[in-house]
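So the chains spell out like this:
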Amino acid sequence: MATPPYRMWDVVERASTGPFCEQQEFLTKILVPKLKEVIEKYGIKYDSHSPIPTQDSLADRVWEAAVELFRDVGIYNQDTHRRITFSDKEILEALSCTAGEYNVGIGKDSKILQHRGVEDRTPPFVIFSPDIIFDEEDFLTACIAYLKEPLLDGFCAPILEESMGMRIQSGTPIELAGSLEHAMSLREAARLVGRPGVFLVAVGTSQSDASQISVSDPEWGVRTTDSRLIGSITELMTNNSMMNKVVHCQQYGCYVANLTGALYGGYAGGAEGTAVLETAYHLNGLMVYQSHYQMNFPYHLKYFSNTTRELLWVVSVYSQAVARHSKLVNVSNGFANAGPGTEMLFFEAAAHSIASTVSGANLWEIAPARNKNKNRATPLEARLAAEVGHAVARSGMTREEANEVVNKLLGKYEDKIADAPLGKEFKECYDARKGIPTEDYVALYESAKEEIAKIGIDFPY
Amino acid sequence: MNDEQIRTLVQTVVDGETDAAVKTAEEFVHANGDIDLALKKLTEEMKGVGDRFEQLEIFLPEMMASADAMKAIMKIFLPKLKESTGVDASKGRIVIGTVAGDQHEIGKDIVSVMLEIFGFTVYNIGTDVDPLEFIKRADEVGADGIAMSSLMTTTMAGQREVIEIMKEKGVRDKYFAIVGGAPVTPEWAEEIGADGYSDTAFGAVKLVARLVEERRTK
Ligand code: B12
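Which chain is which? The protein sequence lines are A and B, in order.
Take any residue in the first sequence, count from 1 to its spot, add 874: that is its number in the numbering used here.
Take any residue in the second sequence, count from 1 to its spot, add 57: that is its number in the numbering used here.
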């Protein structure tokens, strides 16, 4: 199925004809006041007792607030200093042209990535991703270890900071080298594990538009059945480098996701504003970035995570809003406080997976250790998140039940968030050459899974 | 009268009500109020605003509103202060930006607002900033220091480059140079010869305050 790019060249042109303002004015005089206004107008209120809120009306109001915000504020282009805006009619037009379902990957490895509903029994599509830099020498083996995971529907590799022993410097040919190495090794790993056509999201090592464009190749690089991530700039902003990637991806013909994290505590303000913004970004994805799915990581200003109570509420609320009012495909990206090899990380992964799955999201799991500690991620915590997601969907868990379980999980780690353990590196948890977890690590995973089962998750195995 | 006006002034600034703060400040100046005292009180209370943001009891928009109100009344107070004491009360001028190739913005913006809250004059020159641009801007505005943010290991070298160019141009001692951003460590700061590092916005304020103080007493 296809979603046509939404009037791409007209949108691109709007970046140079839309209303002018300076960036600071956009953020503080246009965006922030309007956000406050819609939160008030639609009576949106965070409730700390319900990390998974159960009233449809809250999700409905968040959706309306987000559409009004997006319509009135638009997206600011930092390079042209102009706002790209849309009318209500255009928003409706774009929404009604959404397919909500895509065939991704190729051949026997091809899968369907689709829109999910609230309390949907269809299991989430799970993209596995460490979301962090790995040493160059471990890149291929780490990819293999991830790609071995049976519940993996799509994969996004670690990021390189060195290529062929050279230190990558942004915007130089060495960034290009790293991007090529990333794309080639990833493809190689997929072939080696017998999943040559698996859906890949690549390449995270590319920082500039030039190097992102350089890895489009059906043989060794990113294929048209794979996907790219194009970032939104915090908040509701873009720039020409991002727009170059947008245009290239449409012309090349690959899938696109809008990579977006509204920042709790920043311009978004509290949980309410973060949820409204994260919802509004879906319209940026649909109409400005011409995306096929939305990759969401709302996160906490102090902890860089989204497994705190407020952020789980945000994840649940924006997901419900999008699920109930559109066919847009939402992929929810977990950001945990703790590092690998700790029980806490498993509990955080479970909480994020439950909040997302029951609320209508697909999964992208999971960035450990506050997403800034090299080599600190493994496939095992992502496996647990995937298993939890499948269990939640298949058992037909309701939001009420999910809320209870998530509250119990929070009880296990909430007080440790500020001083979350960093845990271990990939190679301390895995036999890296074989790409399998160590016995100790498996034992830890098993015992965490048992505890999670005890508090209400019905695992099939 | 003096006390009450100061209380109103402090309250309006903390609440980020710029218009009301400006009006009170103008009346205060007109009535020959004690500006030193008002500034002392304001600085204390603004520290509270910074603290509350650090605890996330308030969020960035509220802190920015306070900073804007503070900037607005400083414009009214500053000329008067020079008259009465002969010293420039401006605590220091900082040029801040994110280094070349890097589009991560928000951490740098938070540091920037936090510095303003504490009374520094900040020139925020955006993201993906060419190394030479940092130095040119510092020269243009007569800065005390340059603050560089980098969120990627692949752009951190940009921080070193700014410091190297400062040396080449013979202005290394003219401005202090500080660094920050998620991948930046104290070891890196030392390796590239930066004057300081911090991993929080609050820490950045303390660092800048110390470095400005050192320059003033030199
Ligand atoms: C949000 C985010 C984005 C947003 C940025 C939006 C924006 N314009 O701000 C988007 C989606 C656009 C983005 C894009 C990319 N990102 Co990014 N991003 C992040 C993320 C998750 C959070 C950064 C953030 O905003 N933190 C919140 C603020 C408040 O914290 P902070 O910036 O650290 O600032 C605080 C302190 O550090 C300090 N501080 C900051 N600056 C300064 C300066 C001085 C002088 C001082 C004293 C203190 C100081 O004070 C601040 C307040 O407390 C980080 C992960 C992380 N944990 O940092 C990845 C991360 C930085 N991104 C990464 C990557 C790879 C990318 C992309 C290349 C992805 C891609 N392939 O497209 C692109 C790069 C585009 C480019 N050319 O820059 C990697 C970098 C890896 C590396 N090589 O080091 C990270 C680490 C994620 C990861 N683990 O892989 N990203």
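These are calculated hints, taken from the structure and not from any lab test.
A few of these clues could be false.
[Said to hold, decoys possible] EDC-like, lysine to aspartate or glutamate: derived pairs with alpha carbons at most 16 Å apart:
hint, chain 1, residue 1, chain 2, residue 2
1, A, Lys1022, A, Glu964
2, A, Lys903, B, Glu190
3, A, Lys1176, B, Asp256
4, A, Lys1176, B, Glu111
5, A, Lys903, B, Asp256
[To be verified] Listed next, with one range per pair, are the computed distances between beta-carbon atoms:
hint, chain 1, residue 1, chain 2, residue 2, range
6, A, Ser1269, B, Glu190, 26 to 36 Å
7, A, Arg1268, B, Lys128, 31 to 41 Å
8, A, Glu914, B, Gly105, 17 to 27 Å
[What the hints assert, rightly or not] Beyond 10 Å from chain B on every Cβ pair, some chain A residues (computed):
hint, residue
9, Ile904
10, Glu914
11, Ser1082
12, Ser1088
13, Thr1108
14, Leu1137
15, Ile1291
16, Arg1307
Virtual Cβ for every residue (Gly too), placed ideally from N, Cα, C.
We went through each hint and held it up to the structure:
Straight-line distance between C-alpha atoms of A:Lys1022 and A:Glu964 comes to about 43 Å, which puts the hinted pair past the 16 Å bound. With a C-alpha separation of about 28 Å, the suggested pairing of A:Lys903 with B:Glu190 is violated against the 16 Å cut-off. Note on A:Lys1176 and B:Asp256: the hinted pairing holds, with a Cα-Cα distance of about 11 Å set against a maximum of 16 Å. With a C-alpha separation of about 8 Å, the suggested pairing of A:Lys1176 with B:Glu111 holds against the 16 Å cut-off.
Straight-line distance between C-alpha atoms of A:Lys903 and B:Asp256 comes to about 29 Å, which puts the hinted pair past the 16 Å bound. Checked against the hint of 26 to 36 Å, the C-beta distance between A:Ser1269 and B:Glu190 comes to roughly 57 Å, which is inconsistent with it. A hinted range of 31 to 41 Å is violated for the C-beta pair A:Arg1268 and B:Lys128, which are about 57 Å apart. The hinted window of 17 to 27 Å between A:Glu914 and B:Gly105 holds, with their beta carbons roughly 26 Å apart.
Under the 10 Å C-beta cut-off, the non-interface status given to A:Ile904 relative to chain B holds; the minimum distance is some 12 Å. Every beta carbon of chain B lies more than 10 Å from that of A:Glu914, the smallest distance being close to 14 Å; the non-interface claim holds. In this structure A:Ser1082 is not separated from chain B by more than 10 Å, as the shortest Cβ-Cβ distance comes to only about 7 Å. For A:Ser1088, the requirement that its beta carbon stay farther than 10 Å from each beta carbon of chain B is met, with the minimum near 16 Å.
Once the 10 Å rule is applied to beta carbons, A:Thr1108 is inconsistent with being away from chain B; the minimum gap is 5 Å. The beta carbon of A:Leu1137 is not kept farther than 10 Å from every beta carbon of chain B, the shortest such distance being approximately 6 Å. With a closest Cβ-Cβ approach of about 12 Å to chain B, A:Ile1291 is found to remain outside the 10 Å limit, as its non-interface label requires. Listed as outside the interface, A:Arg1307 is consistent with that label: its C-beta sits roughly 26 Å from the nearest C-beta of chain B, beyond the 10 Å cut-off.
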